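So the protein sequences, as listed, match chains A and B. Taking numbering that gives the first Met the number 0, the leading residue of the first sequence gets 0, the next gets one more, and so forth. Taking numbering that gives the first Met the number 0, the leading residue of the second sequence gets 0, the next gets one more, and so forth.
Just so you know, these hints were derived from the structure itself, not from any lab. From a predicted model like this one, the values you see are computed outputs, not experimental measurements. Please note that the accuracy of each hint is not assured.
Put simply, identical chains are the same to the list, so a pair is met inside one copy or across any two.
[Stated by the list, open to error] Simulated crosslink set (DSSO-like; lysine-lysine; CA at most 27 Å straight-line):
#, residue 1, residue 2
1, Lys188, Lys26
2, Lys264, Lys186
3, Lys186, Lys263
4, Lys264, Lys188
5, Lys147, Lys264
6, Lys49, Lys264
7, Lys264, Lys282
8, Lys282, Lys186
9, Lys282, Lys271
10, Lys49, Lys165
11, Lys186, Lys271
12, Lys26, Lys45
13, Lys147, Lys26
14, Lys147, Lys271
15, Lys26, Lys165
16, Lys26, Lys271
2 protein chains.
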Amino acid sequence: MSTQIRTVTVLGAGVLGSQIAYQSAFKGFPVTVYDIDDDALAAARKRFDKLVATYRAEVPGGADGAAEAALDRLTLTTDLGQAAADADLIVEAVPEILELKRQTYQELAALAPAKTLFATNSSSLLPSDLKDATGRPDRFLAMHFANKIWFSNLAEVMGTSETDPKVFQEVVAFAEAIGMVPIEIHKEKAGYVLNTLLVPFLRAALELVAGGYAQPGDVDNTWRIGTGAPAGPFQIYDVIGLRTPYNIMVHGDDEAQQLAAWLKKNYIDKGKLGLESGQGFYKYT
Amino acid sequence: MSTQIRTVTVLGAGVLGSQIAYQSAFKGFPVTVYDIDDDALAAARKRFDKLVATYRAEVPGGADGAAEAALDRLTLTTDLGQAAADADLIVEAVPEILELKRQTYQELAALAPAKTLFATNSSSLLPSDLKDATGRPDRFLAMHFANKIWFSNLAEVMGTSETDPKVFQEVVAFAEAIGMVPIEIHKEKAGYVLNTLLVPFLRAALELVAGGYAQPGDVDNTWRIGTGAPAGPFQIYDVIGLRTPYNIMVHGDDEAQQLAAWLKKNYIDKGKLGLESGQGFYKYT
Numbered sequence: 000m001s002t003q004i005r006t007v008t009v010l011g012a013g014v015l016g017s018q019i020a021y022q023s024a025f026k027g028f029p030v031t032v033y034d035i036d037d038d039a040l041a042a043a044r045k046r047f048d049k050l051v052a053t054y055r056a057e058v059p060g061g062a063d064g065a066a067e068a069a070l071d072r073l074t075l076t077t078d079l080g081q082a083a084a085d086a087d088l089i090v091e092a093v094p095e096i097l098e099l100k101r102q103t104y105q106e107l108a109a110l111a112p113a114k115t116l117f118a119t120n121s122s123s124l125l126p127s128d129l130k131d132a133t134g135r136p137d138r139f140l141a142m143h144f145a146n147k148i149w150f151s152n153l154a155e156v157m158g159t160s161e162t163d164p165k166v167f168q169e170v171v172a173f174a175e176a177i178g179m180v181p182i183e184i185h186k187e188k189a190g191y192v193l194n195t196l197l198v199p200f201l202r203a204a205l206e207l208v209a210g211g212y213a214q215p216g217d218v219d220n221t222w223r224i225g226t227g228a229p230a231g232p233f234q235i236y237d238v239i240g241l242r243t244p245y246n247i248m249v250h251g252d253d254e255a256q257q258l259a260a261w262l263k264k265n266y267i268d269k270g271k272l273g274l275e276s277g278q279g280f281y282k283y284t
Numbered sequence: 000m001s002t003q004i005r006t007v008t009v010l011g012a013g014v015l016g017s018q019i020a021y022q023s024a025f026k027g028f029p030v031t032v033y034d035i036d037d038d039a040l041a042a043a044r045k046r047f048d049k050l051v052a053t054y055r056a057e058v059p060g061g062a063d064g065a066a067e068a069a070l071d072r073l074t075l076t077t078d079l080g081q082a083a084a085d086a087d088l089i090v091e092a093v094p095e096i097l098e099l100k101r102q103t104y105q106e107l108a109a110l111a112p113a114k115t116l117f118a119t120n121s122s123s124l125l126p127s128d129l130k131d132a133t134g135r136p137d138r139f140l141a142m143h144f145a146n147k148i149w150f151s152n153l154a155e156v157m158g159t160s161e162t163d164p165k166v167f168q169e170v171v172a173f174a175e176a177i178g179m180v181p182i183e184i185h186k187e188k189a190g191y192v193l194n195t196l197l198v199p200f201l202r203a204a205l206e207l208v209a210g211g212y213a214q215p216g217d218v219d220n221t222w223r224i225g226t227g228a229p230a231g232p233f234q235i236y237d238v239i240g241l242r243t244p245y246n247i248m249v250h251g252d253d254e255a256q257q258l259a260a261w262l263k264k265n266y267i268d269k270g271k272l273g274l275e276s277g278q279g280f281y282k283y284t
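Please work from the sequences and hints to get the whole structure.
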């Protein structure tokens, strides 16, 4: 299935936004990247330079100038009108603040041509939370990427009940065109597929350790040996960073809140935040 | 840590019992294998012959006659008194029927010397359910193996509050001596570690499919790509066989019972039982 989409705009050049933009450009699409001011765009340029180095070294087809050539297909702007003017698809990756996203869509609704499809990369909001602000709920859905898009090449595509099925399939085709494996989600689900699986799995693992049943290393050994997975749940915690599951559990049921408190006391308050902090359930050097 | 255990007896030569006995013999232990009658022992001999072929082909150190030599360390008997007479460790792998296991332990209590440690391989019962029948709760615990012991070399070791810590460590050492990775579980937990992780993970996956959110193949793709695992949850369902998770869920809460009913209607009633039946969530040829 080939995509009808020719021009792409990405709103927000943070960690994921810059990856989505760069990956799309690497796969041949002209991409406009919007962020709020020149400082944000300067930070984006640094991210793109790092991505060039990563793609050159790690990504098939990234050598022999291909990684650098992708940069030529990126146009950076702080003008939302310019960013929206000719986009077939706008991927929104602005911060996870409901009102900020809604305001962005309200502005876009007036600026973007009628043809433009809107896709949110939101992790924690449902597209339903945003659809009425878009002015085009039939042409709006979620397309959710995982970090390290060049390696973990998932695009979870999830519409609302108002999303036109043709639009859904068009975005699925675009996801494929930029090298993703599209995951079709046919009804709205908080957490999409990946987090729907990860959350109860990681919680069960934490219950074992917080409850004094087993040590993290033994739990991870069990999962690796029992399922052949490369990493156990506590290795996954450390990669994600402990603050994210903490923030999920602290808003959960009583038992989840107890687990959150345990995680805070024994790890987060001690600066053990996971891989990036040098220590989480394991030490890193 | 080296083990003080010299002689091993395995009660019940079914799928797991025969694997435990053969693996122990392969690692150099003289093993007595008990089952109830000559037919059961004949079936056990066939299992051991298959294990010889598997170990010869797949297991490091299994070639050059080593797999065959393990057979010489196996003694088969239908005499429980003989089986118990000189055992340092008795591993009980009789069918998962509470009264049968309790009766077996009551007989063993009278037949086995005082030195003998008892370990149950029960998946679904807690050692607390059995300990008073053993006559020696301080020398009794669970040591739980996974299927395909030569490949999935886990031994989850779990005592009761009455298990002597020295006995616990002795059994951990034995597990290591027969090539297992011992998983120390310090408080009783139904499902040990592996099933404590697997059950909510598999349930979340089934909710996604039964609820119409996503297809099994997409859910599996998500897990494989998102975590690097070799198999997604529906591939794991097919390997386990769908009847086992069905039997767990049908005794669960309302939502679990609904999932069980869905699984029965759409798969089990259609003969789609998993890998062994040729079809489950996937078709096999």
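Hints, one by one, checked against the model:
no.	hint	result
1	Lys188 - Lys26	neither (29 Å within a copy, 50 Å between copies)
2	Lys264 - Lys186	between (37 Å within a copy, 22 Å between copies)
3	Lys186 - Lys263	between (34 Å within a copy, 23 Å between copies)
4	Lys264 - Lys188	between (31 Å within a copy, 24 Å between copies)
5	Lys147 - Lys264	neither (30 Å within a copy, 40 Å between copies)
6	Lys49 - Lys264	neither (35 Å within a copy, 52 Å between copies)
7	Lys264 - Lys282	within (18 Å within a copy, 48 Å between copies)
8	Lys282 - Lys186	between (40 Å within a copy, 26 Å between copies)
9	Lys282 - Lys271	within (9 Å within a copy, 45 Å between copies)
10	Lys49 - Lys165	neither (36 Å within a copy, 54 Å between copies)
11	Lys186 - Lys271	between (37 Å within a copy, 26 Å between copies)
12	Lys26 - Lys45	within (20 Å within a copy, 57 Å between copies)
13	Lys147 - Lys26	within (16 Å within a copy, 44 Å between copies)
14	Lys147 - Lys271	within (23 Å within a copy, 37 Å between copies)
15	Lys26 - Lys165	within (23 Å within a copy, 61 Å between copies)
16	Lys26 - Lys271	neither (38 Å within a copy, 41 Å between copies)
When held up to the earlier numbered hints, the structure conflicts with 1, 5, 6, 10, 16 and fits the remainder.
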